[in-house]
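Student: Join the two chains into one complex using the hints; note that each chain is given alone, in its own frame.
Read top to bottom, the protein sequences are chains A and B. If you read the first sequence in our numbering, its first letter stands for residue 1, the second for the next number, and so on. If you read the second sequence in our numbering, its first letter stands for residue 1, the second for the next number, and so on.
Hint data in this document are derived by calculation from the structure and do not stem from the laboratory. Nothing false has been slipped in among the hints.
Pair ranges (Cβ atoms, derived):
#	chain 1	residue 1	chain 2	residue 2	range
1	B	Arg33	A	Leu561	32 to 40 angstroms
2	B	Ala37	A	Glu654	28 to 36 angstroms
3	B	Glu61	A	Ala248	36 to 44 angstroms
4	A	Pro279	B	Glu61	16 to 24 angstroms
Every residue gets a Cβ at the ideal spot worked out from N, C-alpha and C, and that includes glycine.
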Amino acid sequence: MPQGSQLPTSPRPDERPGPSPQPAAGHEPRHAFRAALGRYKGTRLGAIRLAQGASPDGLRIRPSGSADEITEHLDAPASVQGLVARLPVGSRLALGLYGLTEATSFSVAGLSLALRVVETEPLPAIVKLLDLGLLAVDPDSASGPVDEFSEVLELVDPTRVSLRIHPAVPKAIRMTRPEGELLKAAGPISQIRESDGLEGVLRVAAVWQRVGAEPLRQTQQGVLYKRDSDRIDLDPVLASPIADTLAAVPDLPSLWLALACRVGLIEQDAEGERLLAAPWEFWTENEFHLPQMIATAWLALKDWHELQGEGRTEIESEAAVPYLRPALLLWLSTLDESEWVSLEDLADHLSAQWPAWVRLSLKAETEETSRPGPGGGRGRARARNDSGPRPKALSILEAILLGTAYPLGLVRAGIEPTTQRRVVQLSALGRYVLAAGASPPPRPAFEHFLFVQPNFEVIAYRQGLTPQLVGRLSRFAWWSQIGSALELKLSRESIVFGLDRGAKPNWMLETLTRHSQRPLARGVVDAINDWAQRRERVIFYAATTLMEFGNETDRNRALELWPEGEDEAPPVPVAERFLLVENDRAVPYSRLRLMSSRDYRRPPEICVAVERDGVTLTLDPARADLLVDAELSHFADPLPSSDTVHGHASARGERRFLISSASLERGISRGKSPERLSEWFERRTGGEIPASVQLLLGARTSRCARLKAARMVVLTLPGPELVEGLRQHPATTAFLGERLGPSSVAVPEQHLAALQDALKELGIALDVE
Amino acid sequence: MKSSQARIPVKLHKHVTLVRTTEAVLAEELLARKSLARWVVGRLSDTVLLVQHGESELVIEELRRLGHTPRIVGQGG
Chain A
1 MPQGSQLPTS
11 PRPDERPGPS
21 PQPAAGHEPR
31 HAFRAALGRY
41 KGTRLGAIRL
51 AQGASPDGLR
61 IRPSGSADEI
71 TEHLDAPASV
81 QGLVARLPVG
91 SRLALGLYGL
101 TEATSFSVAG
111 LSLALRVVET
121 EPLPAIVKLL
131 DLGLLAVDPD
141 SASGPVDEFS
151 EVLELVDPTR
161 VSLRIHPAVP
171 KAIRMTRPEG
181 ELLKAAGPIS
191 QIRESDGLEG
201 VLRVAAVWQR
211 VGAEPLRQTQ
221 QGVLYKRDSD
231 RIDLDPVLAS
241 PIADTLAAVP
251 DLPSLWLALA
261 CRVGLIEQDA
271 EGERLLAAPW
281 EFWTENEFHL
291 PQMIATAWLA
301 LKDWHELQGE
311 GRTEIESEAA
321 VPYLRPALLL
331 WLSTLDESEW
341 VSLEDLADHL
351 SAQWPAWVRL
361 SLKAETEETS
371 RPGPGGGRGR
381 ARARNDSGPR
391 PKALSILEAI
401 LLGTAYPLGL
411 VRAGIEPTTQ
421 RRVVQLSALG
431 RYVLAAGASP
441 PPRPAFEHFL
451 FVQPNFEVIA
461 YRQGLTPQLV
471 GRLSRFAWWS
481 QIGSALELKL
491 SRESIVFGLD
501 RGAKPNWMLE
511 TLTRHSQRPL
521 ARGVVDAIND
531 WAQRRERVIF
541 YAATTLMEFG
551 NETDRNRALE
561 LWPEGEDEAP
571 PVPVAERFLL
581 VENDRAVPYS
591 RLRLMSSRDY
601 RRPPEICVAV
611 ERDGVTLTLD
621 PARADLLVDA
631 ELSHFADPLP
641 SSDTVHGHAS
651 ARGERRFLIS
661 SASLERGISR
671 GKSPERLSEW
681 FERRTGGEIP
691 ASVQLLLGAR
701 TSRCARLKAA
711 RMVVLTLPGP
721 ELVEGLRQHP
731 ATTAFLGERL
741 GPSSVAVPEQ
751 HLAALQDALK
761 ELGIALDVE
Chain B
1 MKSSQARIPV
11 KLHKHVTLVR
21 TTEAVLAEEL
31 LARKSLARWV
41 VGRLSDTVLL
51 VQHGESELVI
61 EELRRLGHTP
71 RIVGQGG
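Isolated chain B, as found in the complex (with noise of 0.2 angstroms):
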């Protein structure tokens, strides 16, 4: 099989709680607070935040707080 046609190897990380912005300064605005700073755990990249699990409901709630109206995708999944 050549290797363009190969299967491509992929490592799945399921169920992952994250918050992306659609700017990274949003992300460093999100960061600077430690309201809900304290619930990220990670930063994938400039504007995707890693959160820790089953804080859900606890980070949306800072997010509106916050001022944002995030869109919420598969809560509850």
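Next up, chain A with everything else stripped away, as it sits in the complex (with noise of 0.2 angstroms):
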């Protein structure tokens, strides 16, 4: 039995988002090792340092440590090794588990389940760690510095404190098993059943394709939303029932959801509120390791377990069943390749060092006292105790190595003859993966596995899938069934699916024709091809390049001078002044000229001038984009760039246009309300409606539907003075009208007799022309 063993490495990044992904703000692991460490007192980290020793370029250690240096310190693979040759057991089956399960952070309740579970005491094995500066302690952030550690061990909440580790640690260090020996089963194994290891595979591809098909939306805590939620739960392929299984677990849905995100074919959108499939580009770089990369995926999962299901009925960071799972394959990884061990003297061994492993809430192992010391119960445990905990604890164990271990194809499964109890070991991958044995073996090679039957539907023998073989399959064939048959389905959706991620229609047909049994019919090829041509009836670009020309000549030249590249696609004439380009990398700028750049994902630019009559607007080219033209004949018709408006002839380049009555009238009846079109003013010309568009608006208003006119007589005096006395004298007042102005005011024209008759008798002449 090897007692220590190089982890598989495998090469997915440290952290993926979950379904419900966690805050990822300074979650880089060396950023929040760093970080963590620099919570510690002055005084606590010098001790470290001191304790670290010499690195190995022999440089002296500086007197006070900083949490840089001892950052730093570990970085060198040499140090790491140097420091962990001198731990004891348990401290190095502490790292251990972080190296299986590819963590980089675990709770200190959680950690300590994981420990006791290997007979280890788990507060000496962190503190001497912590002393080390192997770990870094993260408690929650109102505590004050970290100076002691066992206080803060003992003291804080062990579910909510954290212990990081430096990400070279892991990589440094060997597998160690625990110490203690299991009951191995006695006599031959009987009825030994290991599954082909593919659900896994399976599952997540199908995940993979249904969230690439339509992402899924989460809200900013980082749950889905309903709708998405309900599509995978009720996603028949996903929550169909493993059929190679020997324990039923529940969720399945969101276990395979968690796993494609823990492995990274699932991941999350920049903007945090989108789960997004990840490109295909994933299949190739990691085909050969997925199922080793699923299966860590798995240890390390704490969104799902086997017994309570996503933490629906219970806080997710209590839950214990995720810790149990690195603990148990590491006891089975104690067993040699010949070696077999029944589920119940596995229970009995476990329960004899520490009753408490079967409470399933951290929260409940935090508060257990009553236990026994590490190696108390040590030995063989063939006296049961009925009366205790076994029956929970068979149930946790058939739940994790029986509904989950088996079908990821970790463990086989067999019977004890003597007894028909059921016994279990590590598979191949298992071995593999608890770096107990070398990489498993290929899977035969099983050529024609698949039947493509006319009606696009495939049928896929299990014997003949390969990971490498699943995700080229997912690619472009929708999984609707996985079970002991598999079927997939050819459609146009399919198609385009593949072909969205860089799928050629020939090589899908050359997959499909190398794995069929039969030659494939005509009308799937000519299915497969009428549906790649549709795809090219409707282009949509979603954000591209228009280069617009001064003429259709300079476009021509422009066209010319383009170099052939066989990867690049051509440049699009569109109509008689732009070219489309896809990849804007493409274009001879050496040969052009650029006068203006123009982006529209910013904001709409000021680029429209009113002329002094105010219904001619002018487009500056310098500045104007493609959208304004369109916003313009809305409510304005182009004018000939030779035409010249109320004498103001249009500069070179620019174009102008006019708004007429008939062209409001036109924007009007299309929507464009005086609010809509003052807000068009201010964004596109910087000021308010032009009073003589506001006239035009106002005709199509009650305000000044019907205008009246009337002759008037206009009183004119030599001076303000006499106006106001004409006003104020009761004579004169009633037969006067609005005043005009400093020295005139109106008169009503039937009011003027009686008005030349009152000035007479004030002795004022008053003649009328």
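Tutor: Take a look at the structure:
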């Protein structure tokens, strides 16, 4: 039995968003580790640096340590190996749990539980790692500076305190096994069963397709919207039970989604608003490692567990089951390839060491005080305590080892002939993941495993599938049934799904042909080609580049200058003056003179000038965008370039538009209300609606729908005081109308004679012209 | 410098959202759909429609709803 083996390394990043991703800020592992050290007291940092000893390059230790110095010291693998060599078994087991799960952080409660299950007293093991700076304790922000580790570990809620590891440490350690010895099953084992290990690969592939077809939206708290959550939960392929399993586990869709997230097949978008399918390249980059990646992801999975199902009835961070998984597999890794253990004996062994291991909550675990010390019950545990927690223990073991580890291909199962008890051992994949064996051998080749039917249904035999082929097929054929029989469907949508991910029709046909038992039906070949061609009928450019030339001649000259590239789509002429360019890196800028550039992600610019008449608008050619033409066409008409309006000739290159009653009427009929027009003028001209346009608008409202004109007699006096006199004097005031200016006042025609008489009485003569 | 060798003046429009069809009648068909036409802010040619920026997903969804399977270029770009 190897007591120390290097863990296989997984190519995926350390942290992947889960279905309910945690906030990502500051979670880069090295940065988070350094930040946790940054909350230590200076004297504590100095003590750690001193305990670490001189660096491999022999530089003297500075008297006062710093978080940076400790972090940098651990960057060197030789430094880490030197420190690990000084560790007791318990501490090395703790580091092994980080390596096994590829986790960069454990809660104190979770790590303690796992350590107790592998017969290690947690506190001394963890404190030793903290003393050497291999782990950094990261209590909640309310806690003060960290000094005495044992105080932090014992006084603060251990479910809320994280233990962060420097990312270089797990890579430099070798796996350590528990020191205890399990009771081996007797006799030759019968009815040995081992799954094909493809279940996880197939299901995460189906998740990838579904999320690829329609991303999952999530709230700012990282919870899926109900519609999207239902879409996953109710999907028949994701929800269907596992065909080759020995125990049922709940909420399978959540398991597959969580695994797909952890391995990186599903990614969170930059805004944290959606979960997206990873690019197709994920499959080619990871197809050989995927079963191992899924196994590691499952070992570290906390969003879902075998007995509760995604923490719906329990606070996720307090569920204990996730921490049991790596500990249980570590126990199985103490068996060699010919040895088996019955679930009953394994349960008895664990219960003899620590009866409280069956508690499902970390909270309960932390309150547990009555337990035997490490090694207290070590040894043979054939004598069972049947009145104790055994039935619950068995159900936990069955759920973890038979419910998930078995279908994921980590565990094989059999029957002990003498007792008819279920026995288990690690499979080749399990031994590889636990660093207890070599890489599992490739599956036997079974080339023609597809049956492509003329109705576009494809039956796949599991014997012929490999993770690589699952990836290939998932790109363009829709998983419609995953069970003992596998079924895929070819449809226009599935072919387009593949085309969107860079697959070519010939590649799809070649894949189907190579693995099909019979030649492909003509209808299938034609349909795939037809669906691919139909996709070219409508092309949507989400963010392309349009080049605008002064005239068609210039545009055609530029087209002639275009470099030929095999992989680049050629530019597409649009109308007379434009070229549509899919990839602007191919633009021959050296032969062009860039007049201006407009980025349509930015808000519209002011690019329209209002001329003095208020109804003529001139476009600034340098700042105008393509949208403004369309906007203007709603309520204005273009003027010929040589035209002059009200005596103003247009400048060279400028284009002009005229707002007329008819054009404005057209705009209003298309929903261009005065409010929207006002908003447009502000946005595009930087000013208000011109008065002349307001006049045109007013003509369409009751405000001035019908105007009135009348003759008016104007009385102009030598000075304003005389007008005031007329307006004040009781003999004349009644005959005056509106004052028109400082010295003028209107006189209603019917009052003219009366005013003349009144003025005559006052001695003033009023002549009328 | 000869005029034929002079650099050609050009204006760049970057990150433009467009729909291009193989046939003009297809573009007409799209414009005839009110649910889609509301996102179309202009027509650059018989087969090229200018689409309101920032509405890509809605337009793609609508195109699919209308039974098309558009090739999508540069989504998210």
